[in-house]
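Q: Chain B with the ligand: place on chain A using the hints.
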Amino acid sequence: MGQSTARTEKESSVEELKNRREWWFVAEKTRSKRLDYLRKGVWKKGAIGGNYAPGIKIDLTFPQLFIDKWQEHEGEAIMLQKAHALAHVLDNIPIFITDNSQIMGYIGSAPHNIVWHWQGISMVNEEIYNEEGIIPEPEEESLEILANLNDYWGGRTAVDKLARVLDPEDAVKFMSGAIGWGTPTSAATYSTKDFDYIFKGFEAILAEVEERMEETEEKLQGNPSPEILPLYDKLPRWEAMQIVLEAGIRYAERYARLARTLAEHFESDPERREELLRIAETCERVPAKPPRNLQESLQFDHFVQVLSRYETFEGAWPHRPDYIHGPYYDKDVNQDKRLSKEEALDLVGEHLIRTHEVGIFAPKWAREGLQGITGTWVWTMGGVKPDGSDACNDMTVAYMQAARLVRVSNPTFGFRWHPKVKDEVMRECFECIRHGLGYPSMRNDPVLVANTVHWYGHPVEEARTWVHQACMSPCPTTKYGCQPMRMASATANCAKMIEYALHDGYDPVVNMQMGPKTGDPREFKDFEDLFGAWVKQMEWLRNILVRTVNLGRVKDPEFFGRPFLSAIYERAVETGTDACDPSNGDRGNAWVTGFTWVENADSLAAIKKFVYDEKKYTMDEVLDALNANWVGYEEMRLDFVKNAPKWGNDDDYVDDLMVRCLREVSRHSKENRCPSNNTWPLLPENVSGNIHYANLVGALPNGRRLGDALYDGGISPGPGLDKKGPTAVLKSCGKFDHVTDGRAFLLNQRLSPTQLSGEKGYQLWKAYMKTWADLGLDHVQFNMVDDATLRAAQKDPEKYQEVIVRVAGYSAHFVDISRKTQDNIIQRTVQGLG
Amino acid sequence: MATCKDCKGFFAREDDQDRGDCVMRVTDPRQAYYKAVPVEADKDASKCSSFRKR
Ligand code: SF4
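In order, the protein sequences belong to chains A and B. Numbers given in my numbering equal positions in the first sequence, counted from 1, plus 1297. Numbers given in my numbering equal positions in the second sequence, counted from 1, plus 161.
One chain only, chain A, in its complex shape (with noise of 0.2 Å):
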């Protein structure tokens, strides 16, 4: 009697928290006590607004073991002396197992660490050493740590190797922060990763290695030939991807290890007691073989994404788990009745928290763009299998629900829709976001096939395998189509090619000559001939990036070394090769991330409307108001932001000049080539680079002031300025052609948590996404979270610790992103459906 009266007490109260749409803690009150338990465990890795949190340390463990070895193996080929080094940390980097956790491994020595990839670029190592807080304990001998390290890889990094081959110019523009961000090396990127292959085991592949290995010895022993000259390079990476597949499975036994141990000599709960023999049992088995249930499928994923962030630092997290572990779920929980849907959830959950743990250092420009997150982990659900059919199967439904009870913020989904997701999954995307999580995105799938299709000529059903890549782009996970590094440099700060064009190339900002001399303004007789400029300015501004990446790309290997990355990668275990060797087969998926997009077309239309058509106003006038930054022209300001056409309100004197930049970018797409001979189309997103770029995008014609946050989405309206509602935004957006325009765009959108409340709700949703999906646009993301719980959070951040939002490409926890960017979200527009 007591405990029914508990449980509808309990009820009642998750009841009304549901009616006041307080989430957050209907999530608490309805997990079960380990997800609880596991989920307020977490150490918060993503910087609050740039900084890390209390308590949060660097890992020194990780550096020492790794350069032990690595000096010790000075000049032997770069993948071989890496996986030497890898190898010996993961033989002894302290590990650890969690109260009430199943799912093992951690990247670093304890769950407060945050780790570094020191290999990369010698100015973060630097930075780490002057970041407060971060340093452990004793201080001084922590810093002579860093000191001797930073003595050491200075000048031997992969980014310093690559500055002594870039041309000077290059260099310099590309180093001034003004024009891209990001570091054209594998020390700092993603990877698409190939399940189908990998969940072969690793003895499989082992076995394979040393079939290729006899193979080429063979060869080497037979007659003399410049074919067998290339294949003595070969062999130490083959050695290299044995010596790291061996230590993967010697990292795994060590849980196994500690696991039995607890069971035997520590836990005194029989239920515990029985989940450590089984973490045991199946860290015995993966990642060596195959899995055989969801618990080993889980397990040998999540070895092999610590694995791979133990190489380098993975920013993304390219993955489609309901797709992996669909089966095993089926098999365990509806056939063999191995596990009840309530256990397969807490596998769920804990799956999400152990990815959510995860922290990697950033550097501080780095940390500000992706405000409150590690990186931009967007896990891919639904779509379609390879023949086109439904591929969404429990578990889509088990990660959509276990994500509404644990609210991390990272990773978050996208969804790729199809006109036959069945209803009941849609209702649950439709329950996370309504739930205020802002994912998941929500993906147009047969704009995308196509499009993956157009750009690179991936097969059709080698394209229906796609992932995001990072948090937008797709990457088909197969032999030749998985990308091993995303070139996470080729991100253009759009705005620039504007300013570019109406400042003769200049930079007023950073003070400096970037792109060519395309004329004085005032000297343009019309509109064309500041597009041309426009245009000249665009081509300069990803031609610089787009080069500076691809040398850093062909260099990688040279420079950087994959050793785990290649003994996953099936061709390049095939062909003996790093993995990032585009000459290996890679058929090439590269873009170029264009953040600050739409301020092109709203500030040309403003310039086209006022100084050219009804010449309000001159060019001269327009450029002693900007080049005072707008201070002094208030008048004249208001009336570019409030009079000037904006995008986003189905206008197509605006809209028009936007699909013109876009053809124009596509055109240079193709021109422009990566080293596999392929295309980089544009792919419009910020991620929170509005923020970033505030104070290096000088004013603009928008009516945006320098240190104004710039545009949120890659083809959202400015916020606040689109006024005639939801289906004119859906309208200019549907002006272009998502698959032939561009690689896709993002579109945030802001709807009201009250008028969706419900079934009504509901179907005014799906009503909104038919029209969407009838206008062909690839992307849209929603954030629905009322004003009221906004400025509350902003009020009181301790009550509101679990609220997220939708930043841009990711979601984030309100109170870890900085004020401005808070603000930045409370000004979108709420759009009213219907």
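To be clear, the hints were calculated from the coordinates, so they are not data collected in a lab. If you're wondering where the values come from, they're calculated on a predicted model, not measured in any experiment. The reader is advised that the hints may include incorrect statements.
List of simulated lysine to any residue pairs, SDA-like, C-alpha gap at most 25 Å [stated by the list, open to error]:
1. 208(B) - 1435(A)
2. 1638(A) - 1724(A)
3. 196(B) - 2097(A)
4. 196(B) - 1567(A)
5. 166(B) - 1565(A)
6. 2117(A) - 1353(A)
7. 1326(A) - 191(B)
8. 214(B) - 1724(A)
9. 204(B) - 190(B)
10. 196(B) - 1338(A)
11. 196(B) - 2117(A)
12. 166(B) - 191(B)
13. 169(B) - 1561(A)
14. 1330(A) - 194(B)
15. 166(B) - 1558(A)
16. 166(B) - 1557(A)
17. 204(B) - 1364(A)
18. 196(B) - 1568(A)
19. 196(B) - 1340(A)
20. 1366(A) - 202(B)
21. 1354(A) - 177(B)
22. 169(B) - 214(B)
23. 196(B) - 1438(A)
24. 196(B) - 1930(A)
25. 214(B) - 1557(A)
26. 169(B) - 1571(A)
27. 1913(A) - 1939(A)
28. 1586(A) - 189(B)
29. 169(B) - 1574(A)
30. 1337(A) - 214(B)
31. 2096(A) - 189(B)
32. 166(B) - 1560(A)
33. 1354(A) - 199(B)
34. 1330(A) - 191(B)
35. 196(B) - 1442(A)
36. 208(B) - 1809(A)
37. 1354(A) - 185(B)
38. 1354(A) - 202(B)
A: The following block gives chain B with the ligand in isolation, referenced to the frame of chain A:
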């Protein structure tokens, strides 16, 4: 001289009794866990502040 193998925290490996894991309970401000670090059985334990005699 006390060595790791004399310590309660030492668990020898089945395949090699000269090596093992030093297993410790840690409670940090957010979570509790067991940690394992590989050690040699004959490692000098005289300076180890966590040594607990078997
Ligand atoms: S290192 Fe210290 S605590 Fe660990 S086994 Fe040796 S003596 Fe015991």
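Q: Against each hint, give a clear statement of whether it holds in the structure.
A: Here is how each hint holds up against the structure:
1. For the hint linking residue 208(B) to residue 1435(A), the alpha-carbon distance of about 17 Å falls within 25 Å, and the restraint holds.
2. For the given pair, residue 1638(A) sits about 19 Å from residue 1724(A) by alpha-carbon distance, which is consistent with the 25 Å threshold.
3. A distance of roughly 32 Å separates the Cα atoms of residue 196(B) and residue 2097(A); the hinted pair therefore is violated under the 25 Å criterion.
4. Between residue 196(B) and residue 1567(A) the CA atoms are separated by roughly 21 Å; this keeps the pair inside 25 Å, and the hint holds.
5. At most 25 Å may separate the alpha-carbon atoms for a hinted pair to count; residue 166(B) and residue 1565(A) meet this at roughly 24 Å.
6. Straight-line distance between C-alpha atoms of residue 2117(A) and residue 1353(A) comes to about 24 Å, which keeps the hinted pair within the 25 Å bound.
7. Note on residue 1326(A) and residue 191(B): the hinted pairing holds, with a Cα-Cα distance of about 19 Å set against a maximum of 25 Å.
8. Distance hint between residue 214(B) and residue 1724(A) is unfulfilled; the C-alpha atoms sit about 59 Å from each other, more than 25 Å.
9. Proximity of residue 204(B) to residue 190(B) is assessed by CA-CA distance (about 31 Å); at most 25 Å being required, the pair is judged violated.
10. Taking the CA atoms of residue 196(B) and residue 1338(A), the gap is about 16 Å. The hint holds against a cut of 25 Å.
11. Between residue 196(B) and residue 2117(A) the CA atoms are separated by roughly 41 Å; this puts the pair beyond 25 Å, and the hint is violated.
12. For the hint linking residue 166(B) to residue 191(B), the alpha-carbon distance of about 31 Å lies beyond 25 Å, and the restraint is violated.
13. Taking the CA atoms of residue 169(B) and residue 1561(A), the gap is about 14 Å. The hint holds against a cut of 25 Å.
14. Using a Cα cut-off of 25 Å, the hinted pair residue 1330(A) and residue 194(B) holds, with the two alpha carbons roughly 16 Å apart.
15. At most 25 Å may separate the alpha-carbon atoms for a hinted pair to count; residue 166(B) and residue 1558(A) meet this at roughly 15 Å.
16. Note on residue 166(B) and residue 1557(A): the hinted pairing holds, with a Cα-Cα distance of about 18 Å set against a maximum of 25 Å.
17. Restraint check for residue 204(B) and residue 1364(A): satisfied, since their Cα atoms lie roughly 22 Å apart, inside the 25 Å limit.
18. Among the hinted pairs, residue 196(B) with residue 1568(A) is consistent with the structure: their alpha-carbon atoms are about 21 Å apart, no more than 25 Å.
19. Proposed proximity of residue 196(B) and residue 1340(A) is supported: the alpha carbons are some 17 Å apart, at most 25 Å.
20. Distance check on the hinted pair: residue 1366(A) and residue 202(B) sit about 22 Å apart at the alpha-carbon level, within 25 Å; holds.
21. Under the criterion of a C-alpha separation no larger than 25 Å, the hint pairing residue 1354(A) with residue 177(B) is inconsistent with the structure, at around 34 Å.
22. Distance hint between residue 169(B) and residue 214(B) is fulfilled; the C-alpha atoms sit about 6 Å from each other, no more than 25 Å.
23. Restraint check for residue 196(B) and residue 1438(A): the C-alpha separation of about 23 Å stays at or below 25 Å, so the hint holds.
24. Straight-line distance between C-alpha atoms of residue 196(B) and residue 1930(A) comes to about 64 Å, which puts the hinted pair past the 25 Å bound.
25. A distance of roughly 22 Å separates the Cα atoms of residue 214(B) and residue 1557(A); the hinted pair therefore holds under the 25 Å criterion.
26. Our distance criterion of 25 Å between C-alpha atoms is met by residue 169(B) and residue 1571(A), whose separation comes to about 23 Å.
27. A hinted pair counts as satisfied when its Cα atoms are at most 25 Å apart, and residue 1913(A) with residue 1939(A) qualifies at roughly 15 Å.
28. Restraint check: the Cα-Cα separation between residue 1586(A) and residue 189(B) comes to about 35 Å, which exceeds 25 Å; the hinted pair is violated.
29. Distance hint between residue 169(B) and residue 1574(A) is fulfilled; the C-alpha atoms sit about 21 Å from each other, no more than 25 Å.
30. Under the criterion of a C-alpha separation no larger than 25 Å, the hint pairing residue 1337(A) with residue 214(B) is inconsistent with the structure, at around 35 Å.
31. A hinted pair counts as satisfied when its Cα atoms are at most 25 Å apart, and residue 2096(A) with residue 189(B) qualifies at roughly 23 Å.
32. Using a Cα cut-off of 25 Å, the hinted pair residue 166(B) and residue 1560(A) holds, with the two alpha carbons roughly 20 Å apart.
33. This hinted pair checks out: residue 1354(A) and residue 199(B) have alpha carbons roughly 22 Å apart, not beyond 25 Å.
34. Annotation: proposed proximity of residue 1330(A) to residue 191(B) holds, straight-line Cα distance about 15 Å (limit 25 Å).
35. Of the pairs offered as hints, the one joining residue 196(B) and residue 1442(A) holds, with about 23 Å between alpha carbons and a cut-off of 25 Å not exceeded.
36. For the suggested pair residue 208(B) and residue 1809(A), the alpha carbons sit about 59 Å apart, so the restraint of at most 25 Å is broken.
37. Distance check on the hinted pair: residue 1354(A) and residue 185(B) sit about 20 Å apart at the alpha-carbon level, within 25 Å; holds.
38. For the given pair, residue 1354(A) sits about 30 Å from residue 202(B) by alpha-carbon distance, which is inconsistent with the 25 Å threshold.
Checked against the numbered hints above, the structure breaks hints 3, 8, 9, 11, 12, 21, 24, 28, 30, 36 and 38 and satisfies the rest.
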